[in-house]
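The chain contents come next:
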Amino acid sequence: MGKSLSILTKNFKNINVDTIDDYLSAGGYDGLKKVLSLTPAEVIEVVKASGLRGRGGAAFPTGKKWEQAARVKEDSYILCNADEGEPGTFKDRYFLEYDPYRIIEGMTIAAYAVGGREGYIYIREEYGRQKEIFLKAIEAGKAAGFLGDNILGTDLSFDIKVVSGAGAFICGETTALIQSIEGGSGRPRIKFQRTAVSGLFNRPTLANNVESYCVVTTLFNNDAEEYLSHGTEKSKGTKVISLCGNVENPGVYEVPFGITLREIIYDIGGGIKDGRDFKFAQIGGASGPLIPKSMLDIPYSYEDFGKEGYSLGSGAVLVADDTNSVADFMVTVQEFFVHESCGKCTPCREGNRQLLKLAHKIADKKATVEDFLTVKRIANVMDKCSFCGLGTAAPTAMVTAIQHFYDMYN
Amino acid sequence: MKTCTLTINNKKITVEAGTTLLEAAKSAGYFIPTLCNHPDQEIKANCRICVVEDKSAGKFVASCSTKVYDGAEIHTNTKEVRELQRGILELILANHPNDCLNCIRNESCELRKLCERFHVRNYNLNHETDIYPIDNTSGVLVRDRNKCIKCMRCVEACQETQMVGILSPSYRSVNTNISAGFGENYDETLCTFCGQCSAVCPVGAIYEYDETEKVWEALHDPKKHVIVQTAPAVRVGLGEEFGMPRGSKVTGKMVSALKMLGFDKVFDTDFAADLTIMEEGYELLSRIKNGGTLPMITSCSPGWINYIEGFYPELLDHLSTCKSPQQMFGAVAKTYYAKKAGIDPADIFTVSVMPCTAKKFECKRPEMNSSGYRDVDVALTTRELARLIKNAGIDFTNLEDEDFDSIMGSSTGAAVIFGATGGVMEAALRTVYEVVTGKTLEKIEFDEVRGLEGIKEATIDLDGTPVKVAVAHGLANANKVMEMIKNGEADYTFIEIMSCTGGCAGGGGQPVGANKSIKARRIDTIYNIDKEMPIRKSHDNPEVQQLYEEFLGEPNGHLSHKLLHTHYHQRRKK
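Going down the list, the protein sequences come from chains A and B. Following the numbering used here, the residues of the first sequence are numbered contiguously, the last one being 410. Following the numbering used here, the residues of the second sequence are numbered contiguously, the last one being 984.
Take these hints with a grain of salt, some might be off.
As the list claims (entries may be wrong) - Here chain A is said to cover these stretches of chain B; the calculated rule only asks that three of the stretch's residues, wherever they fall, bring their Cβ under 8 Å from a Cβ of chain A:
| hint | stretch |
| --- | --- |
| 1 | 454-461 |
| 2 | 578-586 |
| 3 | 768-774 |
| 4 | 888-895 |
| 5 | 905-919 |
If you are wondering where the hints come from, they were derived from the structure by calculation, not from laboratory data. Bear in mind the structure is a predicted one, so any value in this text is a computation, not a measurement. All C-beta atoms, glycine included, are put in the ideal place defined by N, C-alpha and C.
Modelling step: build the complete structure from the supplied sequences, incorporating the hints.
Here is the structure:
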């Protein structure tokens, strides 16, 4: 585990979250205190300068998002997306469970920077225990004067409500998440205006991922310099990843951007379990690409993945050894999407249904060349025409599997 | 006006800012394929078949939900756009029964038309259709979810336009389907049977319960004396089924066709509409005089009756006790007409042709048999009448005009306007004014109650007494009026409520594919018919006068109450 870091994640399993005291003695709320001495515009400048990009998967520049929200005159809802649903992703669970105050502090900083009084955190329904912990943390924060009216004796007043849905993957998509909070069923909705202008309850809203808020907290405390000393020129800092699958040491790790997949799997993960051979890794959850052995030295950064046409996604690194069949894995992935598509738009609802059938045909070794072309054709329709990111990303695994492992199918 | 200049397929156009790419393309001469889009509804962007290429932004977008911007370079016909659009069409077909030959919407299916446009002859996707039971137990509407393409138009019609909220999407992904209530059949819910879901469905997933065979059976039965009545709005809708311009007046052709079909008598619901005005007008005057429940609300629209019985049972006293014209006609046919014609009412079979699906529900109500016989035996929609005519091979568009038969065929301009929102109110005012004041109405048109505004108000001067009236159409507007009454904010004396937007002209049984502008055209024709009528007030209808003289006695009299009035009760979920 030599190459993993402990900056953003330094509190994991090191502090007692039942009270706020441990968090405070570990430098907690130094960030907010510093923020309160700056103007909101200065705070946003710092976020922009950090190059922080949304850690939920879409990688939208966080500073730009905050700037858009700050431009809106009315208060914004400060929304935290903790509906961590991508298969193989569990890093936000660690933040919720082992460092909830860092999330709260980040959201509070956001409230100060863009102007907001009410926060919402949408916690994945399956994270029942983490929700309890988070609710307690909110109470502890309130009792210590870090939430509520006139935080730290200033004009800043901010409070957070905790919401959970019914366990649908789609609710991680911002507009579906918003619909869910509003009491509707979790389906994405049309945005004629940015969420910054019209989001939750059709009011201005700032929505960020758990890890993004945690990075913000770190950007303003004593760890900032160290945090920013890592990474590449275009991907600054660290990324918290969820390493799982056939590795010796699965778990949540903080890694510097630019580290290679090989280092993640072999140095941090301790290599493939039971000394077997690597076959493929899926990066970023079920929506992510399959990476073959030949690409193991690709640096883990937005720009290097971008060059290949891939995104880092949620931070999942799922490793499969040589006992796994790519074709069988494709069936599993497509089953997931057929289960989780919300059914609203044709490409996602019907496209995933078709892809699953073709995945079965491939796994049964009955696929023809035409079938592979059909996968490509449907994937193209899904990619270009789906209503939201779920449908757009759903065929990624299958397309990359065929791209890298086509020979194996023959 | 702020404008945007953009190119569509390299053609430069300038349109109003806020226009969608779909609309902009239309103005540039390109019809982009659509399925979930409906001009009267919100933008949904579910089906995605309207995808176009936004070259300037380097992406493909749904044109229905993307607004124009300056400098946009849009392409609607590139190889890839066509492939994407066709790909979506194929994905829909792979989940569709594709049994067009047996489908009731064969001729009017938007999906089938797109298949022709995209020249779909075969495709290589895996065919997997849904297998849901067909909901046909109501005898009014049929739901075949297996044909549903999940466009959600019916859901919006039910939840937003009508605010009835019976239909909603349930489950997700490939199990997504439109449920009535909690997975029930229509007749187990408080569905009003307005049929607006069937009117907006682009395919054959929701349609009227077809009863044309029952009519054929009666027509072929030598013992039956089969008579037919046609509602005011049918004559401005029926022609559309034969490719005639929207809103064509086809009264005379319709009568000819009905006679050719073999009906023994072709009568007019307009006659019964005049009769309704006599009964309702006198009922209103009696309520005003005797301190009855006010505001009084019209009761001609069975979708509306189903709504108030289901959702506002505490306000039922406000309803006029008058039966609808359809039912009044039936009751008179099996008593007065039977007697005059010397026919045993048991042998009379009454068919009505209505722009409405809820009329099917109404005529099947157990209480609608005060003469001892069913008032109306079968209610057909405009669409079903077209089916009968086509079935008989009648060359409808080339028919000569014929006139309705007597003694239930004469009518007035006041009756025909029943087919438009505000028409019942206007007809009632024409009569009530003259009855109350004893004066001749100088200006016969009440323009304040005309038009497509959701709720209209007017104050009429009845010889020094101002009477405030309101007109609402579409059940979402009815809902607003009900809330006003509940909150004591409705200082009206008389209210007309029609279940459907536009009134009967926009009824759920009218030809499909209508929108507000088409409904407006039908309404225009209705008012033109009114203008051309020699008699324009219900109380001047000679056959109605004759009916009172020879049979009923006086409006609101004893026999009227027995035959022409009804009572209401709370509808509960089964």
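Each hint tested on the structure:
1. Check on the stretch 454-461 of chain B: 7 of its residues sit with their Cβ under 8 Å from a Cβ of chain A, so the three-residue criterion for coverage holds.
2. A count of 7 residues in the stretch 578-586 of chain B with a Cβ less than 8 Å from any Cβ of chain A is obtained; the coverage claim is therefore met, three being the minimum.
3. Residues of the stretch 768-774 of chain B with a Cβ under 8 Å from some Cβ of chain A number 0, which does not satisfy the need for three, so the listed coverage is violated.
4. Note: the stretch 888-895 of chain B has 0 residues with beta-carbon separation from chain A under 8 Å; the three-residue rule is not met and the coverage is violated.
5. Counting residues of the stretch 905-919 of chain B whose C-beta lies closer than 8 Å to any C-beta of chain A gives 0; at least three are required, and the coverage claim is violated.
Checked against the numbered hints above, the structure breaks hints 3, 4 and 5 and satisfies the rest.
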